[in-house]
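Trainee: These are the residues of each chain, in order.
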Amino acid sequence: MHLILFLIFAVFCLAGAVNLLLQSHPINSALSLIVVMTSLAVLYLLLGAEFLAAAQVIVYAGAIMVLFTFVVMLLNAGREEQTRGSIAAKTVGFPAVVAILAVLASVILKAQGLGTASLVNGITSTVEVSKVLFTDLLLPFEVTSVLVLIAILGAVALASRGNGDQGRTVSK
Amino acid sequence: MNAALLQQDVPLNWYLLLSAALFCLGVIGFLIKRNLITVFMSIELMLNAVNLSFVTFAHQWGAVKGQIFVFFVMMVAAAEAAVGLAIIIAVFRARATLAVDRIDLMKL
Chain A
1 MHLILFLIFA
11 VFCLAGAVNL
21 LLQSHPINSA
31 LSLIVVMTSL
41 AVLYLLLGAE
51 FLAAAQVIVY
61 AGAIMVLFTF
71 VVMLLNAGRE
81 EQTRGSIAAK
91 TVGFPAVVAI
101 LAVLASVILK
111 AQGLGTASLV
121 NGITSTVEVS
131 KVLFTDLLLP
141 FEVTSVLVLI
151 AILGAVALAS
161 RGNGDQGRTV
171 SK
Chain B
173 MNAALLQQDV
183 PLNWYLLLSA
193 ALFCLGVIGF
203 LIKRNLITVF
213 MSIELMLNAV
223 NLSFVTFAHQ
233 WGAVKGQIFV
243 FFVMMVAAAE
253 AAVGLAIIIA
263 VFRARATLAV
273 DRIDLMKL
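Chains A and B are the protein sequences, given in the same order. Each residue of the first sequence is one higher than the one before, starting from 1 at the first, in my numbering. Each residue of the second sequence is one higher than the one before, starting from 173 at the first, in my numbering.
If you are wondering where the hints come from, they were derived from the structure by calculation, not from laboratory data. Take these hints with a grain of salt, some might be off.
Unchecked claim - Not everything, but these chain A residues come out facing chain B in the computed CB check (under 7 Å):
no. : residue
1   : Gly115
2   : Leu137
3   : Leu139
Said to hold, decoys possible - Example chain A residues on the side facing chain B (calculated, C-beta under 7 Å, incomplete):
no. : residue
4   : Ile108
5   : Ala117
6   : Leu153
7   : Ala155
Said to hold, decoys possible - Which bits of chain B does chain A cover? Going by a derived footprint, with three or more residues having C-beta under 8 Å, they are:
no. : segment
8   : 181-188
9   : 235-249
Beta carbons: idealized from backbone N, C-alpha and C, even for Gly.
Construct the entire structure; sequences and hints are all you get.
Mentor: Now the structure itself:
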C-alpha cells in the first residue's frame with residue numbers, strides 16, 4: 001500500500017513540476033505548483049510527519065499559493081514572452097544542473113544503511129513535535145514570530161508606498 | 173495485484189531521489205522561465221524539495237528536530253513569499269513589466 005501510494009504521489013509531484021516548467025501562463029504554473037505541494041503533503045504523511053502534512057496543506061498549498069494567484073491576477077500577468085535566454089544559463093547553468101543531479105543521484109543510490117518507510121512505524125505525533133518545539137526550541141520559535149511580524153510590516157510598506165505617492169501627486 | 177506488493181515498504185533512497193529530481197526541476201525552472209512570478213515559484217519548488225529531504229532524514233533517524241526545522245523553513249518561506257511578492261508588485265509599478273529580461277537595472 002505504501003509503495004503504491006508513494007508511486008502515485010511521486011508521479012504527481014514530478015508531473016506537476018514538469019508542467020510548471022512547460023506552461024507559459026503563470027496561473028497554470030501556480031496551479032501545477034499547488035498539485036506538487038499537496039502531493040508532497042501526502043508524502044510527508046507517508047513518512048509519518050502528521051503535523052507537517054497539515055502545515056504543508058495549510059501554509060503552502062493554502063496561504064502562499066493564494067498569495068501567488070492573487071498577485072498573478074492583480075498584475076494581470078499574461079503569457080510570458082519567449083526569448084533566447086541568457087548565454088550564462090545555457091553554458092554554465094544546464095551543465096551544472098545535470099552535474100548536481102548526477103552527483104546527488106550517485107551519492108543517494110550508493111548510500112548504505114538507509115532504512116525503509118512503511119505505513120505502521122515511525123509516526124511522529126503532534127504531541128512529540130510540540131513538546132520539543134515549546135521547550136528546547138522556544139527561543140527560535142519566538143524569533144520566528146518576530147520575523148513574520150517584520151515581514152508583514154515590510155510587505156505592507158513595499159506594496160503600499162507606490163500607491164501613496166500616486167495619491168499625493170493626484171491630489172496636487 | 174498480489175499481497176506482496178501491498179505489503180512492500182519503500183526504501184528511503186527513493187524519497188531522496190525524488191527530492192533531488194524536484195530540486196533540479198526547480199533550478200531548471202529558475203533558468204528557463206522568463207516571468208518574474210514563475211521564477212519565484214521555481215524557488216518555492218526548490219524549498220519544498222529540500223523540505224522533503226529533511227522529513228526523510230527525520231524519519232530515518234527518528235529525530236523530531238528535523239521535522240521542526242521543516243516547520244521553520246515553512247515559516248521563513250511564508251515571510252519570504254510575502255516580502256517577495258510585495259517587491260514584485262513594486263517592480264511592476266515602476267516598470268510595468270514582469271519579464272526578467274527587461275528588469276536588469278537596479279536603478280529606475
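Trainee: Quick check: which numbered hints come out false for this structure?
Mentor: When the structure is compared with the hints, numbers 3 and 6 turn out to be violated.
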